[in-house]
Each structure stands twice: as structure tokens, then as C-alpha cells.
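**Q** Sequence:
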Amino acid sequence: TPRGDQEITRILSALSSAMLAFLSTPSHFLAPSPLAARGTIRPLATPGVSPVARRAASARTLTASASPPDRLKLLYFASPGRAQATRLAFYIGGVEFEDATIATREEFLPLKQSGELPYGQVPVLYVGDEPVPYAQSTAILRYAGKLSGLYPEDPLRAMRVDELIEAVGDASAKVLKIFTVEPEKKEAFVEDLVAKVLPATFGDLDRAVGRASGGAFAVGEGMTIADLMIFNMNSGFSRGLVPGIPKDIVMGYPALARVIESVAAHPKVVEYFEATK
Numbered sequence: 002t003p004r005g006d007q008e009i010t011r012i013l014s015a016l017s018s019a020m021l022a023f024l025s026t027p028s029h030f031l032a033p034s035p036l037a038a039r040g041t042i043r044p045l046a047t048p049g050v051s052p053v054a055r056r057a058a059s060a061r062t063l064t065a066s067a068s069p070p071d072r073l074k075l076l077y078f079a080s081p082g083r084a085q086a087t088r089l090a091f092y093i094g095g096v097e098f099e100d101a102t103i104a105t106r107e108e109f110l111p112l113k114q115s116g117e118l119p120y121g122q123v124p125v126l127y128v129g130d131e132p133v134p135y136a137q138s139t140a141i142l143r144y145a146g147k148l149s150g151l152y153p154e155d156p157l158r159a160m161r162v163d164e165l166i167e168a169v170g171d172a173s174a175k176v177l178k179i180f181t182v183e184p185e186k187k188e189a190f191v192e193d194l195v196a197k198v199l200p201a202t203f204g205d206l207d208r209a210v211g212r213a214s215g216g217a218f219a220v221g222e223g224m225t226i227a228d229l230m231i232f233n234m235n236s237g238f239s240r241g242l243v244p245g246i247p248k249d250i251v252m253g254y255p256a257l258a259r260v261i262e263s264v265a266a267h268p269k270v271v272e273y274f275e276a277t278k
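This note's numbering puts the first residue of the sequence shown at 2, with every later residue one more than the last.
Where hints are given, some of them may not hold.
Below, a list of computed lysine to aspartate or glutamate pairs in the EDC-like style, where the Cα atoms sit at most 16 angstroms apart [unchecked claim]:
#	residue 1	residue 2
1	K74	E117
2	K278	D71
3	K74	E107
4	K175	D193
5	K74	E154
6	K74	D100
7	K178	D155
8	K269	E97
9	K175	D130
10	K248	E262
11	K178	E188
Quick caveat, the hints were computed from the structure, so don't treat them as lab data.
Whenever a hint applies, use it, and build me the whole structure from the sequences.
**A** Structure representation (C-alpha cells):
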């Protein structure tokens, strides 16, 4: 009815005025909630500090507070594989850890069947006295990077590092299909991989690294775990572990080659490989 419509209009107008008055009130006149006062949540605003500044300060604090626990035990096979970048990160950063290795499949199967491994696979990282190890190779690598000073504190640089880690993971996943493709299709699969798939994939990755940094390393001026991922990816090819793929396939891409050579020449990396011959 017309009268009902007028009443609705009056109510909406009153609500709009109240909301406008609330939003116009300076933030320092708004008292924090009881939960905020007890530290459960934060006030909506802090006078004189922008939300961006608060987030940046928080990110710096979280990174600065990271310190190695009393015990770190990395468990993986004796081969480089998915744990090598983490081993290098710990070594470069001077972080003490136990490098526990599984020698054979027969040694691995009982461990897998025991339920001790969160996803039935390795690597895993045992931290302090925690009963359940941490899993997933890139999650472990990021943690190692934070302890070793190889993961940026700046959120944008960290995101670029994460981007390159994911890109390397995507490239590796394409290559690993070699080991699961049906035997009668393998030759054609490898030919397509070498002629089309990997040139496109490595070309994209090379351009991404070139845009992110024009220097020796992939992101910024110093080494990060993104460099270790690229270096480790190349190691699988250079050691001839992937049948049908040229050993030097990655080295044809200038930005990737620059990163690989820079990591290989790093004094701590040279020292690591000398010590683990």
C-alpha cells in the first residue's frame, strides 16, 4: 500500500543516516571491542598506521622470529631428488640437520605401511619433539629457506619466488610423465616433449626469470630457494636421469643457465658437494 511504502522509505532513510554518521566518525573515537582488548582480535584501525604498513610490519616480524629448533631430521632417499634443494638450503644457511636417508625400496615400504608418513611418501621433516613429521617437498623447502635466509621477507619478492617454484614444479611434472606413459607410446611422447613441450615450458620459465632479475640469481640480487629449485631441476637432466632428454636441454636458455652456473659456483654449494662425494 502507499502508506506501507512510505513507512519502508522512512526506515531506510533512518538507517542510511545512522550508517553515514558511523562511517564519518574518526577511527580513534571508536573504542575497541572487549575481545580486541584481550588480544583475541585487533581493533578495526590503529591511528596513524595504514593497513598496508601494519601488514608489512607483521610480515617482517613473522620472518624475523623464525629460528631453527633443537632438532631437524630430513628423511629421503639417498638420491638428490625432491630433497636436494632443501639439503642445500640448510647447508648454505648453516642450519644443523640430520640428513637421514633410505637406502632401498625394501627399507621404504615398511615405513610407508606404518602410517608414520603423512601422505605415504618422502621427503618428510621431523621438527623438535613433534610426533608427526611435516611433508610435501616445497613446503619443507620454504621452511628451510626461512631458517636459512634464502626466502625473502618482502611479500612481493616472496610471491615471485613462489611463482618460480610452482613453475619449476609444473615443468618437472611434464617430464615425469615419461616414467608412466605406455611403452608403445613412449618414443612419440619423448619426441613431442623435446621438440615442443619443453621448449615452450622452459622458454616461459626463462622469460620469467629474465623479467624478475637481470643478475646472477632468479629474484633480486641474492640467492633464494627459487635458484635452488632451478638448479636441482637441471641436475636431473645433466646427470642423464631422464631417458631421451638431452643432458644440456636447460642450458640453452640464457637466464636459466645463468642461475644454474651461479648456484654451482656458490662457495657453500661447492663445499657441500665436496663434502658429500
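**Q** Now tell me, hint by hint, if it's right for this structure.
**A** A quick look at each hint next to the structure:
1. Between K74 and E117 the CA atoms are separated by roughly 14 angstroms; this keeps the pair inside 16 angstroms, and the hint holds.
2. Only pairs whose Cα atoms come within 16 angstroms are accepted, and K278 paired with D71 is rejected, the gap being roughly 27 angstroms.
3. With a C-alpha separation of about 21 angstroms, the suggested pair K74 and E107 falls outside the 16 angstroms cut-off, and the hint is violated.
4. The suggested pairing of K175 with D193 holds, with an alpha-carbon distance near 11 angstroms, which does not exceed 16 angstroms.
5. Taken as a hint, the K74 and E154 pair is broken in the structure, with Cα atoms around 25 angstroms apart against an allowance of 16 angstroms.
6. The suggested pairing of K74 with D100 holds, with an alpha-carbon distance near 6 angstroms, which does not exceed 16 angstroms.
7. Distance check on the hinted pair: K178 and D155 sit about 35 angstroms apart at the alpha-carbon level, beyond 16 angstroms; violated.
8. Pair hint K269 plus E97 holds up; C-alpha atoms about 14 angstroms apart against a cutoff of 16 angstroms.
9. At roughly 37 angstroms between alpha-carbon atoms, K175 and D130 are farther apart than 16 angstroms, so this suggested pair is violated.
10. In summary, the hint linking K248 to E262 is supported, as the alpha carbons are separated by about 15 angstroms, within the 16 angstroms threshold.
11. Of the pairs offered as hints, the one joining K178 and E188 holds, with about 12 angstroms between alpha carbons and a cut-off of 16 angstroms not exceeded.
Comparing the model with each earlier hint shows violations of hints 2, 3, 5, 7, 9; every other hint is respected.
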